[in-house]
Amino acid sequence: MATQPNYAYRAGLGTAEELPRPRRRAFELRALPHESVFFYRKAIDNSRLVRESDPQSRGACWSAIGVAGIVVALLFGVLAPSVADTLSGYKLQSLRAEEQRLLDERRTLELAVAERLSPEHLARLAGRQNLVTPRSGQVLRLESDRPDSSVAMVK
Amino acid sequence: MAERRLIVLVSGVLLWGAAIFYTLVKLQIVHHREYAAIARARQEVVVPIPAPRGSIFDRTGSPLAMSVPVDTVHINPLKIDPIIAAGILSAKLHQDKNELYRRILAARDNRRGYLVVARNLGWEEGDDLSHLPVDGIALDRQSQRHYPKGALAAHVLGTVNFEGKGDAGVEQTLDQYLRGTPGAQRVLTDVQRRWIDTETAVAPKPGLPVTLTIDERLQFVAERELAAAAAAHGASSGSVVVMNPHTGEILALASYPVYDPNAPPEAANPPQRENHATGVPFEPGSVFKVITLSAALETTRLRPESIIDCGRGSITLFGRTIHEAHGGYGTIPMAQVLARSSNVGAIRVGMTVGQQNMYDYVRRFGFGQKTGVPLPGESRGRLRPLSRWSKVSLASVSMGQEISVTTVQLAQAASVVANGGLLVRPRLVLKIGDRTVNGDPPIRVVRPETAITMRQMMEGVVMPGGTGYPEARLEGYSVGGKTGSAQIYDPASHRYTHYYNGSFLGFAPLTNPAIVVVATLNGTHGNLGFGGRAAAPVFHAVAQEALRVLDVPKDIPEQAPVEVAAIKPAPSDLAIASLESLEPNILEEEGDEDADAPPAAAGPKVPDFRGKNMRAVLAQAASMGLSVLPDGSGIARVQFPPAGATLRQGERIRVRFAR
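Sequence order for the protein chains is A and B. All the letters of the first sequence, read from the start, carry residue numbers 18 to 172 under my numbering. All the letters of the second sequence, read from the start, carry residue numbers 146 to 804 under my numbering.
Hints listed in this document are in silico derivations from the structure and should not be mistaken for laboratory results. Among these hints, one or two may not hold up.
What the hints assert, rightly or not - Here are the simulated lysine to aspartate or glutamate pairs, EDC-like style, with alpha carbons at most 16 Å apart: (1) Lys699(B) / Glu796(B); (2) Lys108(A) / Asp342(B); (3) Lys750(B) / Asp696(B); (4) Lys108(A) / Glu796(B); (5) Lys237(B) / Glu189(B); (6) Lys699(B) / Glu620(B).
Claimed, not checked - Derived CB-CB ranges, DEER-like: (7) Leu49(A) / Gly157(B): 41 to 47 Å; (8) His643(B) / Glu122(A): 57 to 63 Å; (9) Ile82(A) / Gly157(B): 42 to 48 Å; (10) Leu92(A) / Ala236(B): 46 to 52 Å.
Stated by the list, open to error - Here's a subset of chain B near chain A, in silico, CB distances under 7 Å, partners left out: (11) Met211; (12) Trp268; (13) Asp272; (14) Lys294; (15) Trp340; (16) Glu361; (17) Phe365.
Quick caveat: nothing in here was measured; it's all calculated off a predicted structure. We put the beta carbon where it would ideally sit given N, CA and C, even for glycine.
Kindly generate the complete structure, drawing on both the sequences and the hints.
Dropping the structure here:
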């Protein structure tokens, strides 16, 4: 690279160590070794700059935020019933499915009860318990308003 | 410069906004309907709403037939992992895993997208499977018909076919009411096909419940006794009908043999599915003498005390000889013609009535026409038009030959006598939905006096000397009835066989009949196959139970002593006639008149109940057929009559209990 020390060496003026080093100015950064590229740093002092407050832009900013919030709220207000409707629909269908399931369960249980109350089943159970069909004279109808211990009751 | 850039930027933003606005307007306003329809088509599903079939109840509200939901599990073998499916489903459905895996693979190899894994799952199993987090398993909800009482009233209820349509019994005749009309609903779904909202497009119409006149308790007793009697007497078939003579309500209609409608026989027209009470007519034999004598009371001057010459036990008409079953009765009152079931006497009475009157009254009693009971395949029986009656037809019909009837027709005819002379149509349906089904108005057949006179004569059948004594007698109730034993005709050989249709037709109590019971057994043989021996005990058991269940007051005093006469072999009411031939038809002797009569029955000995508790006392008394009147509670201390005494018929044992 055609840096200054190289140029000086080629010009026969001596090596980099022999040639007098130029005095760096304050804004100069250290040169890259063996390079004639110099970086300069420029110090800028902005401490004297003070941002001037702009109520108008602040107001506009807050207004924008407010409008955005209102828009979001309006959107929410428009969409929320629909969302709630959908969620309610899920819940409603779930309840309907549950109702149907309970009705089906009830129907199946009614069938089971009917099977167990069939005369054939009762006769089989009666036979196991050594029970027999009562004759007409053996059927005693207990009157509820008469707690008569003299009336026989077989349990 | 800066302003120019700002203007360009704002213009670009405005253009972009305008483009968006234009697109919005185009989508939401211009093409609104089109896109809404597309969205609806994707989101909405039309789902059928099943209409459950109406249930069938007995008169007490006990369900006899009902539909329950069942699920069919099916998978798409092309979209589901066979290993996962086989593993999960085999565990849930208790199937062999390897077999199920093999089936799924076979379906995949055949490029089948539908494979049924299990059918008729209950709601619990279906609910369990529906929550599986596995795609590709689907459930189809269907309705399956169940008959919770098994074979009870199978011939009345009938069955439904695979399409859910009734194909027998009440299921068939009332199918239009029982079968509902499915509806449809529009369902809004989300992207995962979960339901969000439903809207009924077509409202379903569920099937109407039907309440029958049948009482399941009486039906059970009728079927039980019929089956036992058929087994005991070797009958091939039989039937029992229990009917309210005033309203026509059929309380029980039993047919033997039976079948279970939950698992009906698969063969076409198997014998078990024949309803012998309504669909199979038979020659009634001597029970038909009730009609003959009723017609005589109505159209002639004959009365119960009128003397009928029964000769020496035979009568020859137009070259044909008809015999009594046992010897000759000589001259006897008309009441005894019925009680002893004299064939000659019935012919004499019939000849007095005449052909025209006999035919008229046979028709007026409902024979030769359907009763209108709502069961498919009802037979009208067989009654030749008067123009086709031969010279001996009057004689034959007078004793119940040359005519065929059904059991329910006999019950209808017996009701005429039981209710005071009105023909009341048998009814099987009490209510359809909430609507009560009313019967047809009754038709006067005979005068009330005739009916009352017939009742009194029919009581003679169950008194000592009658053909129904003692089998048809009831405890605590007066009974009127008639036995019948008709030989079965063989069309192949044109001769009557030695097999009988044994019948008993009766009602109780005599003074105000609450029930009519007709029992028939077909294909019995021997002395024990006659109506008095085979069918009368069925009548006894069914009628006794029916009167107890219906809480009918007794009309015979409890403690009235009744002479227990020597039990003789039941007089036969056998009758033979040839339908086609006028050749002399010699009645072959049946039974042995010289057989020793069984010893006179003695009253039972009173057992010793002392020291036993109430339950043991009642159980022992019931097993011995004794009546006990308990008093108090605890242990039996005192009893009357005392242990070892002979109990008189109708007498009850009083037992006092104390602790």
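(message) Hint by hint, where does the structure go against what was stated? Just the numbers, ascending.
(response) 3, 4, 5, 9
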